[in-house]
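Participant: These are the residues of each chain, in order.
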Amino acid sequence: MRADRAFGLVLALALGSSAILGVLLAVIIPHADHVLRYGPDDLVDAVTLLLLVLATCGIALGLGSLFRQLLATLALIRGLVSKRVIAPRRVRRIGRELGLDGRIDVVADTRPFSFTYWFRRPRICLSTALVRRLANDELRAVLMHERYHLRQRDPLRVVIARYFAASMYVVPVVDELASFYALQKEIAADDDAVRHFGTTPLARALYKLLPDAPERELGLLIPVTGLSVTEARIERLVAGRELPMQLSPRAIALSVGALAGATVLASIGAGTSVAFANLPPLVAVPGLLVGPASLLFAAAVNGGAHQVRLVAGLVARA
Amino acid sequence: MSAPLRRIRRAAAGELLGPLETAVMDKVWKRGPLTVRDIVDDLARTRGLAYTTVMTVMVRLHGKGLLARERAGKTYVYRAAFTRDEHRAVLSRDLARGLVSQLGDAALAAFSAELDEVDATHRAALRRLASKRTKGR
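Order-wise, the sequence lines are chains A and B. Count along the first sequence from 1, then add 2; that gives the number in the numbering used here. Count along the second sequence from 1, then add 1035; that gives the number in the numbering used here.
Fair warning: there could be bad hints in the mix.
Stretch-level coverage of chain A by chain B, calculated; a stretch enters the list once three of its residues show a Cβ under 8 Å from a Cβ in chain B [as the list claims (entries may be wrong)]: (1) 115-128; (2) 144-150; (3) 156-167; (4) 183-192; (5) 231-237.
Beta-carbon label-pair distances, calculated as ranges [what the hints assert, rightly or not]: (6) ARG1114/B x GLU99/A: 36 to 46 Å; (7) ALA1079/B x HIS308/A: 33 to 43 Å; (8) ALA1103/B x ARG197/A: 49 to 59 Å; (9) LYS1099/B x VAL87/A: 56 to 66 Å; (10) ARG1162/B x GLY293/A: 50 to 60 Å; (11) ALA1079/B x ARG94/A: 43 to 53 Å; (12) ASP1061/B x LYS210/A: 17 to 27 Å; (13) ALA1103/B x ILE254/A: 50 to 60 Å; (14) GLU99/A x ARG1123/B: 54 to 64 Å; (15) GLY1098/B x LEU38/A: 20 to 30 Å; (16) GLU99/A x SER1166/B: 37 to 47 Å; (17) PRO1068/B x GLU99/A: 28 to 38 Å.
The calculated DSSO-like cross-link candidates involving lysine-lysine, where the alpha carbons are at most 30 Å apart (straight line), are [claimed, not checked]: (18) LYS1062/B x LYS1109/B; (19) LYS1062/B x LYS210/A; (20) LYS1065/B x LYS210/A; (21) LYS1167/B x LYS210/A.
Quick caveat, the hints were computed from the structure, so don't treat them as lab data. We treat Cβ as the ideally placed atom computed from N, Cα and C, and that holds for glycine.
With the hints as extra help, turn the sequences into a complete structure.
Facilitator: Put into structure tokens, the structure is as follows:
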């Protein structure tokens, strides 16, 4: 499954990057106490301080992402799931057919929506507006879509992917892979529903849930980049087309630069090793200290700015 | 809280328009540009309403951007700023955006999310597929 592969890639890259950055952090810790106590005296101290700041930012962004997600999920449960009503008979019947007995909440809400939430034993939430709007076969297709998320424990995977995307901000490819996973899990859930019940009920359900808007008949879809998640799902439903994984050259370049820089810095103890001290300064300082630190810093500025924009967008929407 | 966000929250609660506001908008959409007096006379056939009550409602609808008005002598002539379909589309999109905003950073996987971000071409393609009777891809 492409969703599983995408999630596996996020994990592999994030854990690999964590290992490199962890080693780098471990080698600067003995020197960090001196720098923090007396301040930076030379270039080696300045690089150590820079690395400490970058590491602190990564830890803060990762923990911040975890807390935001947990708080938002709890707020959602308080706000929506607390409006739970007795599930209509047909929801209970279809739920039993799909092996979802006791795992579906129906909440009173004028907006048509469904989602799967919680981590250890996920549950499915449907709004009364969605249940009213969908025919039985459409409801069955939507519940099959949600069953995929439930069985894959996708809410937990989402938390993990977002955590790594935030904490590994110096490796921007992780964030792009996490976004690709977010798209692939929806497509995989759609595929599962289509495999069981065909394309039409799911397409009808999706169409019924789209906000009213004008349409333009432009014939065949044209594969383009920058599709929203729903547009990509429609392309998949209509044309069976899979979107290729597209990582931006900028993200790849920054990530490779950051990891190469971190590896070089770790190998010379960020300028504190004896081997580094024995090298000619005119070659070693720019080539092995300033250059690699600059690569790491450039990636950190790029990734940090992206994370700040992300949080600012969430705050503005709240 | 900003005005658009308040509008989205009200829309999310199904409270974008009250009963009297809905009645006024229905009249304007049906009959075209009207004065407050026209509405009062029209609504008087089914329910008795004070002129000032209807005027307050129409001023509020103007404030919400649903009615546009032009001065004609000593009175205002009100007309709908959007057609009924356009209004339905705006309301529907606001509902979807309100939901996405409420879901925010929550850890979940959703069948319906970001549904407002679908262009007209994809919408039309999905409608064609949804109208098919045969199953399977």
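Participant: Could you run down the list of hints and mark each one as holding or not?
Facilitator: Against the structure, the hints come out as follows:
no.	hint	result
1	115-128	holds (count 6)
2	144-150	holds (count 3)
3	156-167	holds (count 6)
4	183-192	holds (count 3)
5	231-237	holds (count 5)
6	ARG1114/B x GLU99/A: 36 to 46 Å	violated (52 Å)
7	ALA1079/B x HIS308/A: 33 to 43 Å	violated (60 Å)
8	ALA1103/B x ARG197/A: 49 to 59 Å	holds (51 Å)
9	LYS1099/B x VAL87/A: 56 to 66 Å	violated (31 Å)
10	ARG1162/B x GLY293/A: 50 to 60 Å	holds (56 Å)
11	ALA1079/B x ARG94/A: 43 to 53 Å	holds (49 Å)
12	ASP1061/B x LYS210/A: 17 to 27 Å	holds (25 Å)
13	ALA1103/B x ILE254/A: 50 to 60 Å	holds (51 Å)
14	GLU99/A x ARG1123/B: 54 to 64 Å	violated (35 Å)
15	GLY1098/B x LEU38/A: 20 to 30 Å	violated (57 Å)
16	GLU99/A x SER1166/B: 37 to 47 Å	violated (26 Å)
17	PRO1068/B x GLU99/A: 28 to 38 Å	violated (55 Å)
18	LYS1062/B x LYS1109/B	holds (22 Å)
19	LYS1062/B x LYS210/A	holds (28 Å)
20	LYS1065/B x LYS210/A	holds (27 Å)
21	LYS1167/B x LYS210/A	holds (14 Å)
When held up to the earlier numbered hints, the structure conflicts with 6, 7, 9, 14, 15, 16 and 17 and fits the remainder.
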